[in-house]
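Both chains are sitting in their own frames, so use the hints and assemble them into the complex.
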Amino acid sequence: MTNLIPKQLRKNKQQRYKLLMVAMVVILLVSLTLAVMIGPVLIPPLRVWQIALSQVFPNVTGDWTQAQVQIVWLIRFPRVLLAFFVGAGLSVVGVIMQALVRNPLADPFILGISSGASVGAVLVILFGIFSFFGVYALSFGAFLGALLAFFVVFFLARRQGHLSSTRLILIGVAVSSLFEAVTSFLAIKAGSGEATRRVLFWLLGGLSGTTWTDLILPVLALFLGIGYLLLQTRSLNALLIGEETARTLGTDTDRFRKQLFFVTSLLTGVIVAVSGVIGFVGLMIPHSVRFLVGSDHRRVLPVSLLLGGIFLIWADVLARTIVAPEELPIGIITALFGAPFFIWLMQAKGGGK
Amino acid sequence: MKLEVKQLSWSIEGKQILHDINLQVLSGEFVGLIGPNGSGKSTLLRCMYRVLKPDSGLIILNGKNIWHLSAREMAQATAVVLQEASTDFDFTVAEMVLMGRNAHQGLFDRETEKDHSIVFDALVQVGMNDFAERSFISLSGGEKQRVLIARAIAQQARFLILDEPTNHLDIRYQLELLELVKGLGVTTIAALHDLNLAASYCDRIYVVNNGTIKAVGTPQDLLQPALIREVFGVGSTIETDPNNGKLHISFFLDGGIGSKRNSLAP
Numbered sequence: 001m002t003n004l005i006p007k008q009l010r011k012n013k014q015q016r017y018k019l020l021m022v023a024m025v026v027i028l029l030v031s032l033t034l035a036v037m038i039g040p041v042l043i044p045p046l047r048v049w050q051i052a053l054s055q056v057f058p059n060v061t062g063d064w065t066q067a068q069v070q071i072v073w074l075i076r077f078p079r080v081l082l083a084f085f086v087g088a089g090l091s092v093v094g095v096i097m098q099a100l101v102r103n104p105l106a107d108p109f110i111l112g113i114s115s116g117a118s119v120g121a122v123l124v125i126l127f128g129i130f131s132f133f134g135v136y137a138l139s140f141g142a143f144l145g146a147l148l149a150f151f152v153v154f155f156l157a158r159r160q161g162h163l164s165s166t167r168l169i170l171i172g173v174a175v176s177s178l179f180e181a182v183t184s185f186l187a188i189k190a191g192s193g194e195a196t197r198r199v200l201f202w203l204l205g206g207l208s209g210t211t212w213t214d215l216i217l218p219v220l221a222l223f224l225g226i227g228y229l230l231l232q233t234r235s236l237n238a239l240l241i242g243e244e245t246a247r248t249l250g251t252d253t254d255r256f257r258k259q260l261f262f263v264t265s266l267l268t269g270v271i272v273a274v275s276g277v278i279g280f281v282g283l284m285i286p287h288s289v290r291f292l293v294g295s296d297h298r299r300v301l302p303v304s305l306l307l308g309g310i311f312l313i314w315a316d317v318l319a320r321t322i323v324a325p326e327e328l329p330i331g332i333i334t335a336l337f338g339a340p341f342f343i344w345l346m347q348a349k350g351g352g353k
Numbered sequence: 001m002k003l004e005v006k007q008l009s010w011s012i013e014g015k016q017i018l019h020d021i022n023l024q025v026l027s028g029e030f031v032g033l034i035g036p037n038g039s040g041k042s043t044l045l046r047c048m049y050r051v052l053k054p055d056s057g058l059i060i061l062n063g064k065n066i067w068h069l070s071a072r073e074m075a076q077a078t079a080v081v082l083q084e085a086s087t088d089f090d091f092t093v094a095e096m097v098l099m100g101r102n103a104h105q106g107l108f109d110r111e112t113e114k115d116h117s118i119v120f121d122a123l124v125q126v127g128m129n130d131f132a133e134r135s136f137i138s139l140s141g142g143e144k145q146r147v148l149i150a151r152a153i154a155q156q157a158r159f160l161i162l163d164e165p166t167n168h169l170d171i172r173y174q175l176e177l178l179e180l181v182k183g184l185g186v187t188t189i190a191a192l193h194d195l196n197l198a199a200s201y202c203d204r205i206y207v208v209n210n211g212t213i214k215a216v217g218t219p220q221d222l223l224q225p226a227l228i229r230e231v232f233g234v235g236s237t238i239e240t241d242p243n244n245g246k247l248h249i250s251f252f253l254d255g256g257i258g259s260k261r262n263s264l265a266p
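Residue numbers (this note's numbering), protein chains in the order written: chain A, 1 to 353; chain B, 1 to 266.
Extracted from the complex, chain B is given alone in its bound form (with noise of 0.2 Å):
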């Protein structure tokens, strides 16, 4: 499963929000989307998973223009678990999970034993069995997510997208929901604020600011204080943790507050 953007704009009401984009996602790479709030990462993504039509420029998975897929097409190919959002209405954990098999059944089909075991595996993966029957919105924002990803897994996807899936989690959910995604071996693209977290767990990164590809890059080759100086307006601090190899990034505020805020503003 690969996927290719390609000179990518989008725009709304004539204002430019994604600029000339190009990126690529290999099989079976994870790879990272960061950039302030605002940069269009969300965007980047929206476009990606078919929910924003560009103004020109193309996306290709596998070989195809998304938009030549239909809708049931691009759902069997790829999942999205996009930030939780609040909802009146009550579903069990299981029916939840349930939903990734629409897109693999047809106008007359029932769900089979073999979707509800599909469901069950995918709970288990992701430590939610025993929630099946509970009802969804009871639980607590790392347990929904988690089900998210369940729905995801059952979807049977090849190409995953997930838009800020750590924010609002506690940071011990955290690191459990990208372990257990990076664990699932499936192509993924995510768009994540926390860049400690994108060092530890994407092999690539794009760094995007102001609706452009700023830089790309290995976690190791990009993350420099140079960069995150420009994009996230903040000094910073780079070590390798000597128990585990990972980047450490610890943020300062340098020229005093609101020094590089105010240079920002419009």
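Bound-form chain A, shown alone (with noise of 0.2 Å):
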């Protein structure tokens, strides 16, 4: 049997990814609990998932006050939730991103994928556009201003059927400077300062006030999202090798790249839609990602879920602890990381070529 030692090796190797995720969900229940603990009021950790319970479980009781509940239960939980969830997603959309345009510098912020969301954010909010989807006309604005700026980045890049790496990252960034542009221009026109206010959180990011029910469209999304590209995840590693390959290795790229393009949109449209313009999680948390567990996307995408998520907790614990009582928005955190990642990245890799 000479087929024994690479059976070996791919036993360790599924070993090593299992004590991955497995530390990663102990270290995802560990940051839950502390980032929940964190803030004006230190509630200690027991007291954290007791009061989580008795949400749940009415039957559980305790001698804790009703303003523990209050800030336990409907402040600090549902946002570090949806910290979780929209670092998580923005995470995904990087990996499908990348292998889409097969570069590693692509990422929602970069490609203007995340302005295009917040244009049509803001346009909602100034001019009430869609407002028969009630609620979710927010959500829906920035999901169309998302799939637009994507159409528009990607076969402005496109030539003759070939995706330049150069091309393509030169109009993601003036695609992206455009829409910021339109969406800075519709905020000082909006005059009103509360309308101006609102427009601006767009433009950084951020998850204050944020309620059980801003989590539901981006949990939704992302639960069909991220169930979707896990059964696809043989045609993204042949996407990632090169267009024509995944074609020959029986790929129907012409759909499937419709398809990616739907659910990178909806994912990212959705988590603006809550979150504002969130930059530079897609581009480094795929990243970190590969070097940990390289670039098979069976083990890409629910290491990246994790760690992204995992990030963005402890960036939004940093924005609402380091001046605290006041906030930093959110996108000052990831960029002050994020951006001497992307340094690094150009230099070490040769990245843009």
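These are calculated hints, taken from the structure and not from any lab test.
Please note that a few of the clues may not be correct.
Claimed, not checked - One-sided excerpt, in silico: chain A residues whose CB lies under 8 Å from chain B:
#1 A67
#2 G227
#3 L230
#4 T233
#5 E244
#6 L249
#7 G250
#8 D252
Unchecked claim - Okay, derived cross-link-like pairs now, EDC-like style, lysine to aspartate or glutamate, Cα gap no bigger than 20 Å in a straight line:
#9 K13(A) <-> D90(B)
#10 K13(A) <-> D115(B)
#11 K11(A) <-> E95(B)
#12 K18(A) <-> E111(B)
#13 K13(A) <-> E113(B)
#14 K53(B) <-> E244(A)
#15 K15(B) <-> D55(B)
#16 K144(B) <-> E164(B)
#17 K11(A) <-> D121(B)
#18 K11(A) <-> D221(B)
#19 K53(B) <-> D252(A)
To be verified - Ranges of calculated distance between the beta carbons of each label pair, as one might list FRET restraints:
#20 Q24(B) <-> P340(A): 34 to 42 Å
#21 R16(A) <-> S27(B): 42 to 50 Å
#22 R16(A) <-> G217(B): 40 to 48 Å
#23 M21(A) <-> N22(B): 52 to 60 Å
#24 L253(B) <-> K7(A): 55 to 63 Å
#25 D170(B) <-> L156(A): 39 to 47 Å
#26 H68(B) <-> K7(A): 35 to 43 Å
#27 S11(B) <-> L156(A): 21 to 29 Å
#28 G38(B) <-> R158(A): 19 to 27 Å
C-beta atoms are modelled at their ideal positions from N, C-alpha and C, and glycine is treated no differently.
Structure follows, in structure tokens:
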């Protein structure tokens, strides 16, 4: 049995991956607990979970105050969970976009997809379009904006069926600046201080004031998106090698690409609608993950999801504690970590060639 | 496995690249495509592996129009080894070869022990089994090409398309690679730029020039100084190697440097 050795190697690799996943889930639970504990009022860790349990199972009771329930269950829990889902979603979108354009520098922020989504969202806020969608008008506007930006960037960067890395990044940056300018213009033109403040929120991102209802759409989109993507890992791997290769390996690339466009725009749209534009997560998380587990999407997707979520939970904790009682926009924190990482990436890997 | 190309034409932005191509690859044959750079060899192959859709004409694989097949059915029937493109993303050699199994797996299938043993056997065939867990981009050009052949083997297709598989390879690897492919006994069509290699390994050769088939035949019948001069613009001496009976072609410029090139210039 000459097959024995590679089998053993494969098993070891599988074992290492399982270990990593278990470690990440543990870190996630610890992070969740700590993030709910930390704030102007420090809540002990046990109390955090007691209160959470009491909300799910009404027969659990204890000696906590109603104020503590308010803080833990109505203010911090939804916010920390949303941070997780936003980070997870942005990382997954980053992974997919990088496969879609075969460029490690692609992410929804750099390619202007997030800014496209924010234009859509801002138009909804200021002019009330798509009001027939009710509370989901914002998400729908953001989704359309994201889809539009993605198409514009992708088709402008493509020439005779070839996607050049340099063109892609340059056009992405241009589109991103354009949409940001549109958002800022709309914000200033809106006149009233409140509208301007709400619009500026989209430019930097933030999770303050999150309620449980804010979670519904992102969680739903993420579960559907990740479920679909986990079925497509083989095609994603092939796509990473090249579009022609993917075709010769049996992927209907035209259809697959459309589906990916839809999924990434949907995820970006619903995420931007609840959190604003948060940069660099989709860039640095997939990269770090590939260093850990290689490029196989069967591993990259789940690990990115967890790592991205954990990263954003902590970014949000920093955002609300560094200058407490004031809050920093979370985009400032992610950029503070993300921008140096991006520069290092360009230096180390010779990206953008 | 038999492939027929019938009256195929393809153009881009009004510019005719391929014109009225007729070609056949019979079961078990190793067919070569030769011709100068820009003659349309790669374009013709890209039509065959269905990345380009011809303006007119048909490509028929085992009696079926390839455009009536699904992407999966096409990949089950045809494996393609492209010129190695640079990529920023790294896979292990085993992961790379495992992709050859994609076309055999359904949406909800996970790869089985059988898939893994097919991958391993393919790596053994190309002599790369010790490299299974190595990073693909760390390999040399020859090693990469062998891994891509292994992927094609794992794909278990009965028709193989190779686009300049020996480009950028050292001479030893060139010979090893073609020897390997020939040994598979799979119906093959390959674009080759080295006429001596084409002469040694092909059962039949099609000469492509300016987007049309200029000539076809066995290496012995086809490769004549007059044809080589007309298509490649060089003089040649053709001998038969007394040791192995293979053709040996050497080239020279007749009429001085630039004479033919000038006449070719637009």
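Satisfaction of the hinted span 42 to 50 Å by the C-beta atoms belonging to R16(A) and S27(B): 46 Å, holds
Hint status (Cβ of T233(A) to nearest Cβ of chain B, threshold 8 Å): At 10 Å from the nearest chain B Cβ, T233(A) fails the 8 Å test, so the hint is violated.
Restraint satisfaction for L230(A) [CB to CB of chain B, less than 8 Å]: With a minimum Cβ separation of about 10 Å from chain B (threshold 8 Å), the hint on L230(A) is violated.
Range hint 19 to 27 Å (beta carbons of G38(B) and R158(A)) holds or violated: 22 Å, holds
Hinted pair K13(A) and D115(B), Cα distance within 20 Å: 17 Å, holds
Satisfaction of hint between D252(A) and K53(B), Cα-Cα up to 20 Å: The given pair, whose Cα atoms are some 14 Å apart, holds under the 20 Å limit.
Pair hint outcome, K11(A) versus D221(B) [Cα-Cα no greater than 20 Å]: 55 Å, violated
20 Å Cα cutoff - pair K15(B), D55(B): Given pair K15(B), D55(B) holds - Cα atoms ~12 Å apart, limit 20 Å.
D252(A) as chain B interface residue, shortest Cβ-Cβ below 8 Å: OK, holds: D252(A) within 8 Å of chain B, min 4 Å.
Hint check for L156(A) and S11(B) - Cβ pair distance inside 21 to 29 Å: Because 24 Å falls inside the window, the suggested range holds.
Cβ distance range 39 to 47 Å for D170(B) and L156(A), holds or violated: 41 Å, holds
Restraint check for K18(A) with E111(B), where alpha carbons must lie at most 20 Å apart: Cα-Cα ~18 Å, so holds.
In the structure shown, a violation is registered for the earlier hints numbered 1, 2, 3, 4, 18, 20, 22, in ascending order.
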